[in-house]
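Q: Protein chains in written order, with our numbering: chain A, 1 to 508; chain B, 509 to 655; chain C, 656 to 825.
Please keep in mind that the hints were generated in silico from the structure rather than gathered at the bench.
Given the structure is predicted, the values throughout are model-derived calculations rather than measurements.
It cannot be assumed that every hint is accurate.
[Stated by the list, open to error] Covered stretches of chain A, going by a simulated chain C footprint (3 or more residues, C-beta under 8 Å):
id : stretch
1  : 165 to 174
2  : 189 to 197
[As the list claims (entries may be wrong)] A few chain B residues facing chain C, derived, Cβ under 10 Å:
id : residue
3  : PHE545
4  : VAL635
5  : MET636
6  : ILE639
7  : ALA642
8  : PHE643
9  : ARG646
Cβ atoms here follow ideal geometry from the backbone N, Cα and C, with glycine treated the same way.
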Amino acid sequence: MLNFLNLSQAWIAAEAPVAIVVLPLIIGALCALINKERIAWLLVLLTTLICSALSFVILREVMASGTISYGLGGWDPPLGIEYRVDGLNAPVLMLISVIGVICTLYALRSVTAEIEPKKRGPFYGAFMISFAGLLGMVVTGDAFNVFVFLEVSSISTYVLVAMGASRDRRALTAAYNYLILGSIGATFFVIGVGFLYMQTGTLNMADIALALSESGESRVTQVAFAFIVVGLGLKLAMFPLHLWLPGAYAYAPSFVTAFLAATATKAALYLLLRFVFTIFDPTADFIISALTWLLAVLGVIGMFFASFQAIFQTDARRLLAFSSVAQVGYMLLGVGIGTMAGVTAGYVHLLGHAMTKGALFLCLGAMWYQFGVTRISDFKGLGKTMPWTMGAFTVAGISLIGVPGTVGFVSKFALLTAAADKGWWWAVAAIVFTSILALVYIGRMLEAAWLQDRPQVDGVDVATREAPASMLVAMWALAIACVVFGVNATWPLELANDAASVIMGGAG
Amino acid sequence: MNSHLILRTVSKFLIPLIVVYGLYVHFHGDFGPGGGFQAGVIVAAAVVLYALIFGIDACKVAVPPSWIRIGMTVGVMLFAGTGVVTWLLGGAFFDYDVLKYDPDHPAGQHLGIICVELGVLFTVATVMVAIFYAFGSRTPDISDEDW
Amino acid sequence: MLSHIAEHYNYAVVIVLMMTGLYVVFASDNMIKKLVGLSVFQTSVFLLYITIGKVKGGIPPIIDSLHGGGHGDDNAQNITQGLQAAAGPAQGSSGAAYGGADVLYSNPLPHVLILTAIVVGVATLAVGLALVVRIREVYGTIEEAEIDKIDYRFNLEGVTPETTEATPDA
Chain A
1 MLNFLNLSQA WIAAEAPVAI VVLPLIIGAL CALINKERIA WLLVLLTTLI CSALSFVILR
61 EVMASGTISY GLGGWDPPLG IEYRVDGLNA PVLMLISVIG VICTLYALRS VTAEIEPKKR
121 GPFYGAFMIS FAGLLGMVVT GDAFNVFVFL EVSSISTYVL VAMGASRDRR ALTAAYNYLI
181 LGSIGATFFV IGVGFLYMQT GTLNMADIAL ALSESGESRV TQVAFAFIVV GLGLKLAMFP
241 LHLWLPGAYA YAPSFVTAFL AATATKAALY LLLRFVFTIF DPTADFIISA LTWLLAVLGV
301 IGMFFASFQA IFQTDARRLL AFSSVAQVGY MLLGVGIGTM AGVTAGYVHL LGHAMTKGAL
361 FLCLGAMWYQ FGVTRISDFK GLGKTMPWTM GAFTVAGISL IGVPGTVGFV SKFALLTAAA
421 DKGWWWAVAA IVFTSILALV YIGRMLEAAW LQDRPQVDGV DVATREAPAS MLVAMWALAI
481 ACVVFGVNAT WPLELANDAA SVIMGGAG
Chain B
509 MNSHLILRTV SKFLIPLIVV YGLYVHFHGD FGPGGGFQAG VIVAAAVVLY ALIFGIDACK
569 VAVPPSWIRI GMTVGVMLFA GTGVVTWLLG GAFFDYDVLK YDPDHPAGQH LGIICVELGV
629 LFTVATVMVA IFYAFGSRTP DISDEDW
Chain C
656 MLSHIAEHYN YAVVIVLMMT GLYVVFASDN MIKKLVGLSV FQTSVFLLYI TIGKVKGGIP
716 PIIDSLHGGG HGDDNAQNIT QGLQAAAGPA QGSSGAAYGG ADVLYSNPLP HVLILTAIVV
776 GVATLAVGLA LVVRIREVYG TIEEAEIDKI DYRFNLEGVT PETTEATPDA
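Isolated chain A (complex conformation) (with noise of 0.2 Å):
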């Protein structure tokens, strides 16, 4: 009975789901107490570490034998708590963190430029739960279950925003904001799920899938599609419901808003496919109209609004940040056209767009780091003083846009195609036409970093100050990543595949 420390390799393959969200709990409940930052730090790094080789294993294990699901207690799923790793949520873990272990690497020394000491340690421990929160939302399999790990995330999330106060006080005011509009949408969710549990008597979302698909649709269920459709639209920034974005993204710490870009929207994409193609039956009347006239166009709206808003900012966080806006529009229409191809553009966008925008913010962090640029005008001659980190920078720029090459242009391409083959030519022109438009805003600042001379200060040219190397690692290892997979995009295409084939059934 006791076989104490059976680490065999099955073993860690069966306890994966579980293993990668309890471990980071685990650790942000220990690094609150530790107040040398260094040992936090190293606690932190070597758990994203374990989190990710657990994820690869969770992946291996999906692509080899299909589902993995683990009762949680050993009670049998419908009962008890049900961890489910298929092929729509295994690359969003994998995503999830090894975008950890990339920020947290970046986070050495980014963190001590901007978090006061003594909260050092509480602020990786918050860092920590939020990223189990996230990986918690993504492994189970439990409606309910989903709301207690978006809360997790979403509250730790709202105190990491905060701690940038110690750099710029309207901060405090993003994070206050965030917390209301987070707030509100993980109770519009909860609220949907109780609607849910009504319907059907259960809280597994396999379990109430089947019960769905034998009741029927009734007003229930449509009450409940609207309100976790809002809910979810809340927490992943889609169009009229994104106000909560520019100024959480801008005023983070820069680490934290790189975590977020990339990851905190993503898990909500993911959460609103399992729900509207899993859970619901997405052939019922309702949820295509839905589909085409919210998602899509909301989607294609958000994608013009935000990206012209996008091309009046002067702080160049906001105007990333209104850029990833326009982004979940994009995943949105993917979704929003409803077809296999459609549903993969849109999933490779996130892959992708993780990446890209996850480089972007932390380039942006290192120029503040060493120059204190914050503002587009400051990018002046930053291409000289800061070779490298504007390399990065340029390289997941042009990703930004769609140049060929670049995963940008993989899932933009596979978008024009899944939209051109529904007939639906304004979306192929909407995408088009907000590419230029991310052309203008990304090729602002490029134009001031590259084509500008050295700024002056006192008649003397600024020196190069390059960034620290850690930093540099962490915002190239992003931008490789970007170029390879658009070079060779068979990896993010496959997995957004398979990913698809889930949801629609392996039906084209």
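Got chain A sorted already, so can you dock chains B and C onto it with the hints?
A: Leaving out everything else, chains B and C in the frame of chain A:
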């Protein structure tokens, strides 16, 4: 010091009872209504009552903030640690049955839920007190004349 | 129509609370009042969940009062059955019935869920209040319009607000 004599005396008598009642709610939680969360709030209420009657500074001597910080972590560790123990014993995470196997009586379930809820008790009680300290320390103490 | 509403008065209460809460969140300018509104809004959801768990004539779902023997005699089988029944399909707004033919239990699951949601609500409220306290310390006001005005002035003058004020001192 002589003001509120009745309040001080009564609460001195009541506070230990409140804590004991909290522990009762916890340890009886697997048979009837109750559990770690309710117990934690009751225990925290005892501390808050102490602070209201004797002042927050006296309370910080009795229950130091450093304990509070440790208590939060200890709670999480107890909670997650129970799960880790079930892992080490070869079960699924939180599979309490492996803690103590008994074919016709769910002894493991009782044991497991008590341990987990003890973690909840620690965390809830300390977090509640921490929140109280965080807000209470920022305002000046109410002077005796303001009562 | 009216009798229909009267029969489902719990939903009416929930809707009124929900709308009141949302209205307060959106309409008030004071940050504390907004948090109050948020709490009312969340409370309405607690009520929604709890009322759907109540079964007319149902007794509290404590299983060992039925199976006799008092403490400790319940076995895992009974507990599992109880949960199974509780989690089983509940039609409409009713909860679940368990215990053979004669005993009707209310559904305990929504209570457990709401206990979790209450904890989440408390945590949100605590973080929100802590933020408001900090905002009051930094800006000297908790009215959103005034804070916007202060921030706008900073933006216009192009002055970075005291960023250096709080930089690390060690």
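Q: All the hints need checking, so say for each whether the structure fits it.
A: Outcome of the hint check:
no., hint, result
1, 165 to 174, "holds (count 8)"
2, 189 to 197, "holds (count 4)"
3, PHE545, "holds, 6 Å"
4, VAL635, "holds, 8 Å"
5, MET636, "holds, 8 Å"
6, ILE639, "holds, 5 Å"
7, ALA642, "holds, 7 Å"
8, PHE643, "holds, 7 Å"
9, ARG646, "holds, 6 Å"
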